Amino acid sequence: MKLLLQSAFALVLPLLASAASTSDDKKTKDPAPKPCTIRSPASGAFFDLSSLSLHPPKDTKDVKKGEVSESYHVKGQDYGANFTINFCAPVVEDLTNVEGVDRKLAQNVSAYYTIGKKSYSIGSVNSELVLRGSKLVLNYTNGSPCDSPSPKPKRQLAHGVQDLRSAKIIDDDDDDKSHKKKDVRRKNTIILLSCQKDPLGPKSPKATISFAGEMDCTYIFEAKSQAACAGIETTPQQLGPGGVFGVIMLIAILVYIVGGCVYQRTVQHQRGWRQLPNYSMWAGIWSFLADTFIILTSSCARFLPGRRGYSRVSLDGNSNIRGRHAEDENRLIDNLDEEWDD
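Quick note, the sequence shown lines up with residues -19 to -1, 1 to 323 if you use mature numbering (1 follows the signal peptide of the UniProt record, and there is no 0).
Derived by calculation from the structure, the hints in this document are not laboratory data. These numbers were taken from a predicted model, which means no experiment stands behind them. It is possible that some hints are incorrect.
[As the list claims (entries may be wrong)] Cut-off 16 Å, straight-line C-alpha distance, at most; resulting in silico cross-link-like pairs (EDC-like, lysine to aspartate or glutamate):
| # | residue 1 | residue 2 |
| --- | --- | --- |
| 1 | 99 | 74 |
| 2 | 98 | 74 |
| 3 | 15 | 214 |
| 4 | 39 | 75 |
| 5 | 187 | 51 |
| 6 | 99 | 80 |
| 7 | 39 | 74 |
| 8 | 98 | 80 |
| 9 | 205 | 179 |
Based on the sequences and whatever the hints tell you, model everything.
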């Protein structure tokens, strides 16, 4: 028995050590963040806005869950134009002719507005989030040129947003200062996201977006959503606690079977099925199950309707005929006996 326990521990301990090493490797290695997600370096809170991304349906007839035909629409109020926005993804609408943007790059537009028959991009797709205090910031750059006409003069920004222009806008273009005059200024978009734990209703949109204002070719929006609330990051694990427990149980069963067979064969000198450990117990369990099955099937067979018909009547008639033949035979024997006596 000690030999079996030692062999079991010898098989289980390397597995636990490998599981611990994999967990340590996961802690040491910091994987790259997923698109449209961010982790707060101060509090460790995790934010995931991927649920706000809208995707066009692959098949217009069969629209699956999460696929829509329109992006988020935002009223421009006194700006004179309404806006169309998507989060961390291009807009769902098919844009082919965007002012100041190549047709190939028009498929990457994440925010735009339309004046007449012309569409103006206010930023291309970006999936990197930034934390500014308690708010998430999503920045779109490389829109249409700033010399594009605006429907109305610049709108004054809402309260608490005017100081955003003092902050540096995230832009992938790091050009030299000497070439600033030659470069074309393009429209940008800043989306400020805040947490909204209680949705307005079951059919309410995933995010409530409002236009805050425009200043120096930068369009600022405020969005409230439940997705902007801090959560817990769920990292996919190769082997979870349930998997580790299952592997340990499998190893224990294998050790029990193999060790028991070796013991029964070498020490008890058993052969055939009797080599299995605790053969008498397992044989008793099997016979009990077999007897239970037979009892159940026989009890169920009693409820089946029996065959009744003319066969029963014919059998009864044959029995009467057989009785008459027996009486005749007895009389014949008695007569023969009397004649023999005479």
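The hints, checked one at a time:
1. Between residue 99 and residue 74, the direct Cα distance comes to roughly 14 Å. Compliance with the 16 Å bound is thereby established for this hinted pair.
2. Taking the CA atoms of residue 98 and residue 74, the gap is near 15 Å; set against the 16 Å cutoff, the hint holds.
3. Among the hinted pairs, residue 15 with residue 214 is consistent with the structure: their alpha-carbon atoms are about 11 Å apart, no more than 16 Å.
4. Distance restraint check for residue 39 and residue 75: the Cα-Cα separation of roughly 13 Å lies within the 16 Å cut-off, and the hinted pair is therefore satisfied.
5. The straight-line distance between the Cα atoms of residue 187 and residue 51 is roughly 13 Å, inside the 16 Å bound, and the hint therefore holds.
6. Of the pairs offered as hints, the one joining residue 99 and residue 80 holds, with about 7 Å between alpha carbons and a cut-off of 16 Å not exceeded.
7. A hinted pair counts as satisfied when its Cα atoms are at most 16 Å apart, and residue 39 with residue 74 qualifies at roughly 13 Å.
8. Simply put, residue 98 and residue 80 have alpha-carbon atoms about 11 Å apart, close enough for the 16 Å limit, and the pair holds.
9. For the hint pairing residue 205 with residue 179, the CA-to-CA distance comes to about 10 Å; that is within 16 Å, so the pair holds.
Checked against the numbered hints given earlier, the structure satisfies every one of them.
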